[in-house]
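Chains as they are written, first to last, in my numbering: chain A, 1 to 316; chain B, 1 to 152.
Just so you know, the hints here were simulated from the structure itself, not pulled from any lab data.
As the structure is a prediction and not an experimental result, all values here were calculated from the model.
Where hints are given, some of them may not hold.
To be verified - Taking CB as the label site, the calculated pair distances span:
#1 B:D127 to A:D5: 15 to 21 Å
#2 B:A144 to A:D247: 43 to 49 Å
#3 B:V91 to A:G84: 40 to 46 Å
#4 B:A144 to A:G84: 48 to 54 Å
#5 B:G36 to A:D89: 31 to 37 Å
Said to hold, decoys possible - Just a few of them, taken from the derived set where beta-carbon distance is under 10 Å, the chain B residues facing chain A:
#6 N111
#7 N113
#8 C114
#9 T116
#10 D119
#11 E120
#12 V129
#13 C135
#14 Y137
#15 T140
#16 I141
#17 R143
#18 A144
#19 I146
Unchecked claim - Over 10 Å on every C-beta distance to chain A, these chain B residues come out as not near it, computed from the model:
#20 G33
#21 E70
#22 I77
#23 T82
#24 T104
#25 A139
#26 E148
From the three backbone atoms N, C-alpha and C, an ideal C-beta is built for every residue, glycine too.
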Amino acid sequence: MMRQDHLITATQLSRDDIETVLDRARAVADDPAAYADRHAGRVLALCFFEPSTRTRMSFDSAAKRLGMNTIDMGDVDSSSVSKGESLSDTVRVIEGYADAIVLRHPSEGAATLAGERVDVPVVNAGDGAGQHPSQTLLDLHTIREDHGLDDLTIGIMGDLKYGRTVHSLAAALTEFDANQHFISPESLRLPRSVRFDLHETGAQIREHEEIEPVLDELDVLYVTRIQKERFPDENEYHRVAGEYRIDAETLEAADDDLTVMHPLPRVDEIAPDVDEADHARYFQQAHNGVPVRMALLDTLLENANPDGDEGTGVDR
Amino acid sequence: MSEHELRVSKIRDGTVIDHVEGGQALNVLAILGIDGSEGFGVSVGMNVPSDRLGRKDIVKVEDRELSQSEVDVLSLIAPEATINIVRDFEVVEKNRVTRPDTVTGVLSCPNRNCITNADEPIETRFDVVADGVRCDYCATILRADIAEHIDV
Numbered sequence: 001m002m003r004q005d006h007l008i009t010a011t012q013l014s015r016d017d018i019e020t021v022l023d024r025a026r027a028v029a030d031d032p033a034a035y036a037d038r039h040a041g042r043v044l045a046l047c048f049f050e051p052s053t054r055t056r057m058s059f060d061s062a063a064k065r066l067g068m069n070t071i072d073m074g075d076v077d078s079s080s081v082s083k084g085e086s087l088s089d090t091v092r093v094i095e096g097y098a099d100a101i102v103l104r105h106p107s108e109g110a111a112t113l114a115g116e117r118v119d120v121p122v123v124n125a126g127d128g129a130g131q132h133p134s135q136t137l138l139d140l141h142t143i144r145e146d147h148g149l150d151d152l153t154i155g156i157m158g159d160l161k162y163g164r165t166v167h168s169l170a171a172a173l174t175e176f177d178a179n180q181h182f183i184s185p186e187s188l189r190l191p192r193s194v195r196f197d198l199h200e201t202g203a204q205i206r207e208h209e210e211i212e213p214v215l216d217e218l219d220v221l222y223v224t225r226i227q228k229e230r231f232p233d234e235n236e237y238h239r240v241a242g243e244y245r246i247d248a249e250t251l252e253a254a255d256d257d258l259t260v261m262h263p264l265p266r267v268d269e270i271a272p273d274v275d276e277a278d279h280a281r282y283f284q285q286a287h288n289g290v291p292v293r294m295a296l297l298d299t300l301l302e303n304a305n306p307d308g309d310e311g312t313g314v315d316r
Numbered sequence: 001m002s003e004h005e006l007r008v009s010k011i012r013d014g015t016v017i018d019h020v021e022g023g024q025a026l027n028v029l030a031i032l033g034i035d036g037s038e039g040f041g042v043s044v045g046m047n048v049p050s051d052r053l054g055r056k057d058i059v060k061v062e063d064r065e066l067s068q069s070e071v072d073v074l075s076l077i078a079p080e081a082t083i084n085i086v087r088d089f090e091v092v093e094k095n096r097v098t099r100p101d102t103v104t105g106v107l108s109c110p111n112r113n114c115i116t117n118a119d120e121p122i123e124t125r126f127d128v129v130a131d132g133v134r135c136d137y138c139a140t141i142l143r144a145d146i147a148e149h150i151d152v
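Okay, chain A solo, but in the shape it has when bound (with noise of 0.2 Å):
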């Protein structure tokens, strides 16, 4: 049982936690009408300081899912931010019209400081380069389903300092049985702070430049964008972002069961021909963020109403 009332960290996260989630997941996924009605009358908060496709509309599929209604910020353009007002102000006014937050935020601490401010449930949708917990459950799960998440072969490619999906399934990953191996250019390895995480977990880890050496030892492939905006120089991001890029080609040295994953948007990073192959999941992936968002939500609202009212739903 998750006993968390935020979700604000992949850190925070037990192996017990994680597999609450997943295996609430697989259930919503296998018979999505037991829990059509189960937070009817609640209404979750859409909170993003930052763009977002997948995730926003993914947690408002999921909350619609579950029976409940959804409320939108907006673009921070059209809104009080736009006059001055702190996070802290505008989480606590939040509170008071919704029973749960979903908050993207530009800067790293937004998260936990929202989740000091209020009392109801507040997950941390993206914060800055920090963290994106429930990116990584939906991850997990599409893991999981494909090679279980023990004895796995994990290679995480692309930006690794910045890429907060990367920061957050390296540190959920330490609750299993899990080899994880980084690559990356030089200047785009993990931060301090991760791989500090790492180590007092002791995580088996390696680093390395080149994904050729290891390919073929991976069970999964996890390739992350590098962003243009990182590199000073446009003609370094070129030749450093045509390195990172996998193709049909490169995959041929891969093992038949290799899965590849991507958190998306992808800009050229993986090659449009290896949408046909069979190791490409990423689409899957994106689709897999509404059963997991809903048992999430389903999770966090239970405890945070430990009564076992509903709402105006079905009681169960």
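Take the given structure of chain A and dock chain B to it, following the hints.
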């Protein structure tokens, strides 16, 4: 040190922070939030000879007895410091600083993109880890350069 060499006189009542690493005295005052406006007598000796440290700083705060929790934060920049509580010219208590579990409101986070550096009504909070401190909000780890991030 003989009487005619004394650069800072004895105090009647208060706290003497001794064996501070040379050059850190003003940071000690900054961490304690003492800037002179409180009206306490404050004396500072910097780079005075020390058998143990070579050169050391001394800070004396008159008429104020600092609590252990107040001075423990000093362990981050002055791990060798000793705290003497003085009453009527006599040292009545002598303590070492010990590392606290957390440090609240003293340091600023070096990560410019941390929410504590945005315009929020928020105090910084750092966990003390093996070889430094770690921001509770953004997880950034601060090691050797702690003194540069004292928030005054």
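Outcome of the hint check:
{"no.": "1", "hint": "B:D127 to A:D5: 15 to 21 Å", "in the structure": "holds (20 Å)"}
{"no.": "2", "hint": "B:A144 to A:D247: 43 to 49 Å", "in the structure": "holds (44 Å)"}
{"no.": "3", "hint": "B:V91 to A:G84: 40 to 46 Å", "in the structure": "violated (52 Å)"}
{"no.": "4", "hint": "B:A144 to A:G84: 48 to 54 Å", "in the structure": "violated (36 Å)"}
{"no.": "5", "hint": "B:G36 to A:D89: 31 to 37 Å", "in the structure": "holds (35 Å)"}
{"no.": "6", "hint": "N111", "in the structure": "holds (6 Å)"}
{"no.": "7", "hint": "N113", "in the structure": "holds (5 Å)"}
{"no.": "8", "hint": "C114", "in the structure": "holds (5 Å)"}
{"no.": "9", "hint": "T116", "in the structure": "holds (7 Å)"}
{"no.": "10", "hint": "D119", "in the structure": "holds (6 Å)"}
{"no.": "11", "hint": "E120", "in the structure": "holds (5 Å)"}
{"no.": "12", "hint": "V129", "in the structure": "holds (8 Å)"}
{"no.": "13", "hint": "C135", "in the structure": "holds (7 Å)"}
{"no.": "14", "hint": "Y137", "in the structure": "holds (3 Å)"}
{"no.": "15", "hint": "T140", "in the structure": "holds (6 Å)"}
{"no.": "16", "hint": "I141", "in the structure": "holds (5 Å)"}
{"no.": "17", "hint": "R143", "in the structure": "holds (9 Å)"}
{"no.": "18", "hint": "A144", "in the structure": "violated (13 Å)"}
{"no.": "19", "hint": "I146", "in the structure": "violated (15 Å)"}
{"no.": "20", "hint": "G33", "in the structure": "holds (23 Å)"}
{"no.": "21", "hint": "E70", "in the structure": "holds (24 Å)"}
{"no.": "22", "hint": "I77", "in the structure": "holds (21 Å)"}
{"no.": "23", "hint": "T82", "in the structure": "holds (31 Å)"}
{"no.": "24", "hint": "T104", "in the structure": "holds (13 Å)"}
{"no.": "25", "hint": "A139", "in the structure": "violated (4 Å)"}
{"no.": "26", "hint": "E148", "in the structure": "holds (17 Å)"}
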